[in-house]
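With the hints as extra help, turn the sequences into a complete structure.
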Amino acid sequence: MAESDVVRFADRERSVTVELDRAGKGGRHEGELVIDTGFVRARLPVHFTDADLADLAAWLDRRAAAEEDGTPPDGRAADWPEAGRSAYLRLHGADPFVVEVRDPVQSGVTVTVPLNPRDGWAARAAARLERLRATLPGAR
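Following our numbering, the numbering of the sequence shown begins with 609 at its first residue and continues without gaps.
These are calculated hints, taken from the structure and not from any lab test.
It is possible that part of the hints are untrue.
Pairs of lysine to aspartate or glutamate, DMTMM-like flavour, derived with a Cα cap of 20 angstroms [said to hold, decoys possible]: (1) Lys633 to Glu708; (2) Lys633 to Asp619; (3) Lys633 to Asp663; (4) Lys633 to Asp660; (5) Lys633 to Asp658.
Pair by pair, the computed Cβ-Cβ distance ranges are [what the hints assert, rightly or not]: (6) Gly746 to Pro680: 31 to 41 angstroms; (7) Ala702 to Ala666: 10 to 20 angstroms; (8) Pro712 to Glu638: 27 to 37 angstroms.
In this text the structure is predicted, and so the values were computed from the model without any measurement.
The C-beta atom is built at its ideal place from N, Cα and C for all residues, glycine as well.
Shown next, in the form of structure tokens:
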């Protein structure tokens, strides 16, 4: 995982990564959604804010807590960043974990990536995201 990765959802064969390209002033950031599977390799621009990062951190924390407790995923889906501004991820909490990369703004294409991440992935992703957030302009 690169230092500029916001989050990486992956297993041994497939991954969906959000890369930070430019941390902007005023809490607005530019990045790319990177899909890498045996079938699809694609990069899409994505725009997100500090509030979006906080939402992702909260989602990862909830997922990590459920993993820790041995609670089965509730199956609800969450969009990140909020749908409509740019390409976005739809995170399906069910087992198997599925990430949909949706691009209604430019291409109109959706790519569905089923993943089998290792145990403890959500806690590791939350910790990495927290470290990245601490380096952004205006970090708490």
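Here's how the hints hold up against the structure:
| no. | hint | result |
| --- | --- | --- |
| 1 | Lys633 to Glu708 | 29 angstroms, violated |
| 2 | Lys633 to Asp619 | 34 angstroms, violated |
| 3 | Lys633 to Asp663 | 19 angstroms, holds |
| 4 | Lys633 to Asp660 | 15 angstroms, holds |
| 5 | Lys633 to Asp658 | 10 angstroms, holds |
| 6 | Gly746 to Pro680: 31 to 41 angstroms | 38 angstroms, holds |
| 7 | Ala702 to Ala666: 10 to 20 angstroms | 19 angstroms, holds |
| 8 | Pro712 to Glu638: 27 to 37 angstroms | 18 angstroms, violated |
Checked against the numbered hints given earlier, the structure breaks hints 1, 2, 8 and satisfies all the rest.
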